[in-house]
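Asks: Each chain, written out:
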Amino acid sequence: MLRNYLLTAWKVFMRRKLFTAINLACIVLTLVVLMVTTALLETAFFPTGVEGKSGRFLQVYSIYSESADRGTQRTSRLGWKTVERHLKHLPGLERVAALTGANQVSVYQGDRVSELDMRRVDADYWKILDFKVLGGRLPTEDDERAGRMVAVLNETSARRLFGDAAAPGRRISVGGQSFEVIGVVADVLHMNAYADIWAPLTTFPSTDYRSRETGDFTALLLAKNAADLPRIQRDVERAALGFVSDDPHRFALTRFWGDSKLDVFARELLHNYDQADSGGARVLALVGAAMLLFMLLPALNLVNLNMGRTLERSTEIGVRKAFGATGLQLAGQLVVENVLLCLAGGLLGLACTQGVLWLLEQSHLIPYLEVGVNLAVFGCGMLLAFVFGLLSGLVPAWKMSRLDPVHALKGNA
Amino acid sequence: MLRHLLKLTWQRKTRNLMLSLEILLAFAIVFGIAAFGLRYLQLYRMPIGFDGRDTWSVQLRTDGAEEAIPADVYATLRRGLMELPEVREVGFASYSPYRNANWTTTWKSPVTGAKVRTNIMQASDGVAAALGIPLVRGRWFSSVDEGAAVEPVVLNRRAAAALFPGVDALGRQLTDTEDGATRTRRVVGIVDEFRHKGPLMAPDNFVMTRFAPLARKDRVTTVLLRVAPGTPRAFEARLNERLKLLRNDWTYEIAPLPAKRAAIMKEQLVPLAVVAIVGAFVLAMVAFGLFGVLWQNTTQRIPEIGLRRALGARAADIYRQIVAEQLLLSSLAMVVGLLLLAQLPLTGALGASLDWTVFGAAALVSMATIYLLSLLCSLYPGWRASRLDPVDALHYE
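As they're listed, the protein sequences go chains A and B. Once you know that position 21 of the first sequence is 21 in this note's numbering, the rest is easy, because the numbers rise by one and skip nothing. Once you know that position 116 of the second sequence is 116 in this note's numbering, the rest is easy, because the numbers rise by one and skip nothing.
A few of these clues could be false.
Below, computed lysine-lysine pairings styled on DSSO-like, alpha-carbon distance capped at 27 Å [claimed, not checked]:
1. B:K217 with A:K81
2. A:K224 with A:K53
3. A:K11 with A:K127
4. A:K88 with A:K53
5. B:K115 with B:K244
6. B:K13 with A:K399
7. A:K399 with B:K7
8. B:K197 with B:K108
9. B:K266 with B:K244
Listed next, with one range per pair, are the computed distances between beta-carbon atoms [what the hints assert, rightly or not]:
10. B:G32 with A:T75: 44 to 52 Å
11. A:S211 with B:A262: 34 to 42 Å
12. A:V356 with B:R183: 33 to 41 Å
13. B:T184 with A:G110: 51 to 59 Å
14. B:G351 with A:V356: 33 to 41 Å
15. A:A290 with B:G230: 28 to 36 Å
16. A:S363 with B:S109: 34 to 42 Å
17. A:A165 with B:T76: 23 to 31 Å
18. A:A165 with B:G32: 44 to 52 Å
19. A:G110 with B:T182: 40 to 48 Å
20. A:N225 with B:R183: 55 to 63 Å
21. B:A262 with A:A351: 33 to 41 Å
22. B:A202 with A:T207: 28 to 36 Å
To be clear, the hints were calculated from the coordinates, so they are not data collected in a lab. In this text, all values refer to a predicted model and were calculated from it rather than measured experimentally. Built from N, CA and C at the ideal position, the CB exists for glycine as well.
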């Protein structure tokens, strides 16, 4: 039966090549936009590569404090003291890393000024994230303890500062501090890995940061395995409840949460600092709804085109009806045809998506972007194509199934 | 003729309904993008209230410290920086212009008693000269205000009108109620406008208060420097060196304001670029669909066209009919769309960001786009229909 459907579908598609082409072009355009979005979201929230262990670590991104009457509220990144006292010693963790945000710094070389984004990180950072070392080495605990002024550059910045010459061993002046470059790593865009230049924490001009409860730090908590994460989240929540602020009269209650990347994003977006639910599910639902909405117009387009085609096929439909096919069977056939076309469009779209993503990477519109189509994106794309096929096939199919066989046979629907 | 066309359109109402729905959606999308872009253009052409071309900003990074900075540190910084030959003026402010940040506070209007929310910035005596803020009336802060019983403020015109409707704001007093404590201030000057986020920021109420470290312990971390025109970027290294001499335990984020302006403009224009690209995709799809449907329509109407030709209609008449029918359908869809979209400025749902000027211009742009699209899509099917031989057309099927 399905073979018959396929054959008919093929014949119909080939009879009107122009329409098939237009249909396909619509489907491909829609799916390319949706799949590029999916691929970008996937890279942002479920990355592979440098932050490939994302499924196994949580991050504590913000610390939120409020007064007893909730009149005064404060949200900020964590201070070193908070990480050291409340997070480093949580039980059952493999590692805990602290990193600052990527802040803009100026690198001076004679008359030249280059603006780079710099992070200060501790030694565990390099063990949680799997950077690809292109030359030299990464900072060690020894460097950190001794407070050596060493720095790691990424590939693009190394080329910008030193041209084709080898960067390790050279010295740079970052905002008036002199650093020795000890390593070069590959460019990366991920949330915690993004930066142009990295230096150990102990290269801060003063040690004031050690006594602050708020500051510019994010903590990464690496679990031994992914199953431990819910327990660690509860531990983090408990640690926050036991937190006593330096100014307990002003800030009676403090909260921080162990979050996945999606949770961090949702929490920052929705300001859900004072509740365990980050709103990640809501954000995902919103993204899904936006995608469906975006599909509406091309679906309408396809409905229009399909309706025309249905009328052309009224003789065929009349014959089938006269021989006893039910409306449901006919509708099913048209939906199957449409879904097939959409899946074919999906495959084509996947190839185009790969091309668009490649162009996006080459254009350097988003620095250090590295995004590919993997199995998850492929699956998502096919699912989108399927939904799209159903969406755009239902109305014409319903109309087709209602045709009166007598009129249909005469060809004047 | 029009009545006849309307009748023809009505007879194919189910198909045309779907088609007009599609055109309506496309119209709404183009309208949205056009309104977004035109609003930016409108904002871009308004004054921003400061010059900033020869101004540099230095952000002091004190690595998480939050306590007040003593007054003598500010005095040392100012003196040390003024010694540099390139530096003409030094001011301190709570944040730099062209920074994507909002500091707001609520004031009580002494005239109406209503609560008015405004942007607020602390600025020292040197800021007006460092940034190039022209005053419309009154004066900027100066050492005269040091130790005065009532602290001075400078308002922009919008804030003056909101706080003192119908009366002259200059010289009057107002109170703010932040942090539980009530403080009284006196208006000493009025500026035309101040839009700290740059040319794409919607005009808003703005109040500037005097930064006076001697009177009250405080902490502002932005230094604004007026430099000699044409100072090269390489000056940054020497500036940083000098700052490190003055305070070694801080780090400094130095940037000329023109560079910050370019960065924030880019940041604000990216969303527009993204929606425009997506919109272009959508329009391409609509064009494909419209073209396909019109092609099908003309194919189905070959006998009708043959009959018209046989009765003496010229090729040009047929051509005109196909194009006119499509334009009519587009117009109907757009009239419905405009009626729906007109609710936005009527109800004021989007406030000042969609006033009638923007609405009218956006409606014109989007109508032109849709008409152009309809015309382009109907040209080929129309041409094809007009070229039919009446004899063949009558025998079609």
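Asks: Checking each numbered hint in turn, tell me which of them this model violates, lowest number first.
Replies: Hint check: 3, 5, 9, 10, 12, 15, 16, 17, 19, 22 fail, others pass.
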